[in-house]
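Modelling step: build the complete structure from the supplied sequences, incorporating the hints.
Protein chains: 2
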Amino acid sequence: MVKQNSEPLEWRINMPDGTSKVLVPDCMSHSRLLLQGFVMAFLNKFWGFLQRAWKIAVNEPNKLMHCLKVGLALSLVSLFYYMRPLYEGVGGNAMWAVMTVVVVSEYTVGATLSKSVNRAIGTFLAGALGVGVHWVATQSGEKLEPVILQAAVFLLAAAATFSRFIPSIKARFDYGAMIFILTFSLVSVSGYRVEKLFKMAHDRLSTIAIGTSICILISMLVCPVWAGTELHNLIKNNMEKLSDSLDGCVAEYFENDVKADNTKNEASNKILQAYKCTLNSKATEESLANFARWEPAHGGFNFGHPWQEYLKVGASVRSCAYCIEALNGSSIYSDAKVPDFLKKHFSKFCIRLSTSCSAVLKELSIAISTMTKSSKIDIMVEEMRNAVEELENALKSLSKQQIASTETKTGDSVNDIGEGNGSPAVVTLAEIVPLVTLTSLLIEIAARTEKTAEAVTTGRESRIQS
Amino acid sequence: MVKQNSEPLEWRINMPDGTSKVLVPDCMSHSRLLLQGFVMAFLNKFWGFLQRAWKIAVNEPNKLMHCLKVGLALSLVSLFYYMRPLYEGVGGNAMWAVMTVVVVSEYTVGATLSKSVNRAIGTFLAGALGVGVHWVATQSGEKLEPVILQAAVFLLAAAATFSRFIPSIKARFDYGAMIFILTFSLVSVSGYRVEKLFKMAHDRLSTIAIGTSICILISMLVCPVWAGTELHNLIKNNMEKLSDSLDGCVAEYFENDVKADNTKNEASNKILQAYKCTLNSKATEESLANFARWEPAHGGFNFGHPWQEYLKVGASVRSCAYCIEALNGSSIYSDAKVPDFLKKHFSKFCIRLSTSCSAVLKELSIAISTMTKSSKIDIMVEEMRNAVEELENALKSLSKQQIASTETKTGDSVNDIGEGNGSPAVVTLAEIVPLVTLTSLLIEIAARTEKTAEAVTTGRESRIQS
Numbered sequence: 016m017v018k019q020n021s022e023p024l025e026w027r028i029n030m031p032d033g034t035s036k037v038l039v040p041d042c043m044s045h046s047r048l049l050l051q052g053f054v055m056a057f058l059n060k061f062w063g064f065l066q067r068a069w070k071i072a073v074n075e076p077n078k079l080m081h082c083l084k085v086g087l088a089l090s091l092v093s094l095f096y097y098m099r100p101l102y103e104g105v106g107g108n109a110m111w112a113v114m115t116v117v118v119v120s121e122y123t124v125g126a127t128l129s130k131s132v133n134r135a136i137g138t139f140l141a142g143a144l145g146v147g148v149h150w151v152a153t154q155s156g157e158k159l160e161p162v163i164l165q166a167a168v169f170l171l172a173a174a175a176t177f178s179r180f181i182p183s184i185k186a187r188f189d190y191g192a193m194i195f196i197l198t199f200s201l202v203s204v205s206g207y208r209v210e211k212l213f214k215m216a217h218d219r220l221s222t223i224a225i226g227t228s229i230c231i232l233i234s235m236l237v238c239p240v241w242a243g244t245e246l247h248n249l250i251k252n253n254m255e256k257l258s259d260s261l262d263g264c265v266a267e268y269f270e271n272d273v274k275a276d277n278t279k280n281e282a283s284n285k286i287l288q289a290y291k292c293t294l295n296s297k298a299t300e301e302s303l304a305n306f307a308r309w310e311p312a313h314g315g316f317n318f319g320h321p322w323q324e325y326l327k328v329g330a331s332v333r334s335c336a337y338c339i340e341a342l343n344g345s346s347i348y349s350d351a352k353v354p355d356f357l358k359k360h361f362s363k364f365c366i367r368l369s370t371s372c373s374a375v376l377k378e379l380s381i382a383i384s385t386m387t388k389s390s391k392i393d394i395m396v397e398e399m400r401n402a403v404e405e406l407e408n409a410l411k412s413l414s415k416q417q418i419a420s421t422e423t424k425t426g427d428s429v430n431d432i433g434e435g436n437g438s439p440a441v442v443t444l445a446e447i448v449p450l451v452t453l454t455s456l457l458i459e460i461a462a463r464t465e466k467t468a469e470a471v472t473t474g475r476e477s478r479i480q481s
Numbered sequence: 016m017v018k019q020n021s022e023p024l025e026w027r028i029n030m031p032d033g034t035s036k037v038l039v040p041d042c043m044s045h046s047r048l049l050l051q052g053f054v055m056a057f058l059n060k061f062w063g064f065l066q067r068a069w070k071i072a073v074n075e076p077n078k079l080m081h082c083l084k085v086g087l088a089l090s091l092v093s094l095f096y097y098m099r100p101l102y103e104g105v106g107g108n109a110m111w112a113v114m115t116v117v118v119v120s121e122y123t124v125g126a127t128l129s130k131s132v133n134r135a136i137g138t139f140l141a142g143a144l145g146v147g148v149h150w151v152a153t154q155s156g157e158k159l160e161p162v163i164l165q166a167a168v169f170l171l172a173a174a175a176t177f178s179r180f181i182p183s184i185k186a187r188f189d190y191g192a193m194i195f196i197l198t199f200s201l202v203s204v205s206g207y208r209v210e211k212l213f214k215m216a217h218d219r220l221s222t223i224a225i226g227t228s229i230c231i232l233i234s235m236l237v238c239p240v241w242a243g244t245e246l247h248n249l250i251k252n253n254m255e256k257l258s259d260s261l262d263g264c265v266a267e268y269f270e271n272d273v274k275a276d277n278t279k280n281e282a283s284n285k286i287l288q289a290y291k292c293t294l295n296s297k298a299t300e301e302s303l304a305n306f307a308r309w310e311p312a313h314g315g316f317n318f319g320h321p322w323q324e325y326l327k328v329g330a331s332v333r334s335c336a337y338c339i340e341a342l343n344g345s346s347i348y349s350d351a352k353v354p355d356f357l358k359k360h361f362s363k364f365c366i367r368l369s370t371s372c373s374a375v376l377k378e379l380s381i382a383i384s385t386m387t388k389s390s391k392i393d394i395m396v397e398e399m400r401n402a403v404e405e406l407e408n409a410l411k412s413l414s415k416q417q418i419a420s421t422e423t424k425t426g427d428s429v430n431d432i433g434e435g436n437g438s439p440a441v442v443t444l445a446e447i448v449p450l451v452t453l454t455s456l457l458i459e460i461a462a463r464t465e466k467t468a469e470a471v472t473t474g475r476e477s478r479i480q481s
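Top line first, the protein sequences correspond to chains A and B.
For the first sequence, the residue numbers in the working numbering are 16 to 481.
For the second sequence, the residue numbers in the working numbering are 16 to 481.
Because the hints were derived from the structure by calculation, they are not lab data.
Ideal Cβ positions, reconstructed from N, Cα and C, are used throughout, including at glycine.
Hints are supplied without guarantee of correctness; some may be wrong.
[To be verified] Below, simulated PhoX-like cross-link-like pairs (lysine-lysine); rule was C-alpha separation at most 20 Å, straight line: (1) A/K70 to B/K70; (2) B/K291 to A/K327; (3) B/K297 to A/K291; (4) B/K377 to A/K291; (5) A/K297 to B/K291; (6) B/K70 to B/K251; (7) A/K60 to B/K251; (8) B/K388 to A/K185; (9) B/K327 to A/K291; (10) B/K70 to A/K185; (11) B/K327 to B/K377; (12) A/K411 to A/K359; (13) A/K78 to B/K291; (14) A/K411 to A/K291; (15) B/K327 to B/K285.
[As the list claims (entries may be wrong)] From the derived model, a few chain A residues whose C-beta atoms are all more than 12 Å from chain B: (16) R47; (17) Q51; (18) K70; (19) A109; (20) A112; (21) L201; (22) H217; (23) S221; (24) E255; (25) P321; (26) E324; (27) R367; (28) T385; (29) L453; (30) S477.
Encoded structure:
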């Protein structure tokens, strides 16, 4: 049958509010509609942006607080301009104080301290060296002076830039090296013109001192966000999420058939995916640990708290997460069907192991959070080992059944399990591959969890020693 | 028997050069030796530092080149100071040009462009707004003026700081937001004093223009390092490393008994660990993709090259790497011993699968590198699928043997494999668990490799469309 085109060709435009309009071939209304569409699209996008911003503000009030702190610091430093006596004091160079505040204000106390120290040291070193080079240049006569200055700028800038590529320097003194280049260039270049070099150096240092001390005081006194505490909480939360994901992952595998698909709601999916934030947290952990080293004693943390140990714990938590990632979304969920009676039989061992694993992780996260040795952890690790052994035994007892090629299975003979060759339930190996994989990944996760427990213990001991 | 202490108590100190000295109880020499030890330790450390630096310089000449480029840019910009006519031209504000060069000089062209544009836009917006606010403040009388200025600084600084927490802004305009705060504070604060506000704004913009254009020209003309090319190579290299690691990992498992342990030299260990750099490359990939978007056409890349697709390819390469991580160093290497005849039997299937997987990865890395559709890739993926099927069949044929609890095995009956129940080789399930795990992780890796192949194809198509 041939379709009848009863309606003439027409253009429809779908508006963002859900309605749709027929476009009449009229240039004016066409362009007006286009414009309207653009405006609506822009407003929609802007609205989405505002919503995202609002979400951040509500979920992380500390970030909102940080913004107010930056505003406060800037207001304070700009007072130097408005109050005449203060202004005269720093000789019109108050600009440097404003600049320092803007650049040095960071979210965590450690980052602020690190940047402040870097800025001060970088400026001081470069200033001293700049004055020295300038003196040498002046002594060498008017012709040689710019040549020496240029060569010094070129060489020192190149060397300082290169130092920023060396990992140990980059981690701690990246900003300092930049400030060194900046100050040295400014001093040696402007020294050619400005006569009062020492005055300038002194002004810069004192304005930087004013700026950094305002920033440091505000960041430490007004709702301080400590990099150390952030690192501590990050590791703790990652452990908790991992523990939840592990539970959810194993439960999902065994409950797959029991529950209908539509009951897998968003919340449980979120728990299943929670471990993912652990996978890529290495860079964050390292930078937090770096900043934490600059911080004074705060909360339960002394100065010299072993922050590096957190990185080791974090790394071993991550190695657990890799295993869960291999497990999750892997073919074990979809492929070959494991016979129900086997699944039921193994579910209690697997769930027992995953439960004791996740209990160990939870206990470790509590131990980290309270910074005490958990009295239960040894018992729990022992329990986890037992669960591993039981699961291995269950696998061994499965061997007692005949795994045969004949397809005559008695699918519901749960009671036969482990009763030897008397009345064997017959399964093919291919059917149990997913189960075996799940089992050995679980055992691997248990091994890595044990390593995590060791790392936590080592960390606690090195805290006590320090 | 009681030990005889024939020698008196003495202190020995081991020197860094391998000798050891007996310390005589003399205060002078004691402290001298201590000092000597400190100096030696310091020199040793410094020497190690120099060696590391030298290694970077030799292995990555581009980084050395970058340092010279920064030196060159600074030398060029300082010419403004030395040449009187140019100096007069920018009205003594040449300092801003020096500052711009130092801050904007980044390793890749994209990063330099991104920072330059951010700096220019941030300065312009903040300058315009600052002048506007300043005008409003001036109109409101002398008493209200500082109040309005202070309030504006507080509010705008807080808002701009907050915007830096929003991921989409942070990725692209983080530096711009900081410059906005800086400039706005400077303009509205110093506006209270400096009369020639417009002149100052004009000077700042022109010095920034001078600084950024010097940096951009040098970074683009002298040995340019393109973020796009870096991203391209990073993804390509990660694929190659993954492919090598996969080969090495499987080979190690099956050759474990053949080779003695001491033949596992450093080189092969390095190959085995090569995949690890893929695990944590997400942040680098994202920042490179962000910078690459700013870059003009270069090499084989047009402006608007689909850099985001590289991130998808990178993510799927990483998901392969997670599986290898679960495989590598897992208990399959150490635990229960798989019977030799089974290992031999399976080795050909497993090695065939891992070889075809790694061949696909290598071919994909070549396809990425040449930006063409590989003519062989479809056949190779098909081959990989066949290898998966064969491995699965091998598992199924294993089921034909009787897996029994009796420990009377005929360990060397390799020829019996697959010949059905005629003369069965008997193994327990527990013995083959590691093998089954390896098998199903390999199958999972094959599945993820296929997804990587799809991502590469999609990426190529979206490049052609763009």
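Structure-based check of all given hints:
1. A/K70 to B/K70: violated (47 Å)
2. B/K291 to A/K327: The hint holds at about 16 Å.
3. B/K297 to A/K291: It holds: about 13 Å lies between the C-alpha atoms, which stays within 20 Å.
4. B/K377 to A/K291: violated (27 Å)
5. A/K297 to B/K291: Judged against 20 Å, a Cα distance of about 13 Å means the pair holds.
6. B/K70 to B/K251: Answer violated: B/K70 to B/K251 is near 23 Å, above 20 Å.
7. A/K60 to B/K251: violated (35 Å)
8. B/K388 to A/K185: violated (40 Å)
9. B/K327 to A/K291: holds (16 Å)
10. B/K70 to A/K185: holds (16 Å)
11. B/K327 to B/K377: holds (18 Å)
12. A/K411 to A/K359: holds (16 Å)
13. A/K78 to B/K291: Roughly 34 Å between the alpha carbons, so the hint for A/K78 and B/K291 is violated.
14. A/K411 to A/K291: Measuring from Cα to Cα gives roughly 33 Å; hence the hint is violated.
15. B/K327 to B/K285: violated (27 Å)
16. R47: holds (30 Å)
17. Q51: Consistent with the label, A/Q51 stays out of reach of chain B, its closest Cβ about 25 Å off (over 12 Å).
18. K70: The claim is violated: A/K70 sits with its nearest Cβ about 10 Å from chain B, within 12 Å.
19. A109: A/A109 not clear of chain B: closest Cβ-Cβ about 8 Å, inside 12 Å.
20. A112: violated (10 Å)
21. L201: Check fails; 6 Å does not lie beyond 12 Å.
22. H217: A/H217 is indeed farther than 12 Å from all Cβ atoms of chain B, at 17 Å.
23. S221: holds (18 Å)
24. E255: Per Cβ check, A/E255 is outside 12 Å of chain B; nearest 21 Å; holds.
25. P321: holds (22 Å)
26. E324: Correct as stated: the minimum Cβ-Cβ distance to chain B is 19 Å, above 12 Å.
27. R367: Its Cβ never comes within 12 Å of chain B, the nearest being 18 Å, so this holds.
28. T385: Holds, since 30 Å exceeds 12 Å.
29. L453: For A/L453, whose nearest Cβ neighbour in chain B is about 9 Å away, the distance does not exceed 12 Å, so it is violated.
30. S477: With a cut-off of 12 Å, A/S477 remains clear of chain B, as the shortest Cβ separation is near 22 Å.
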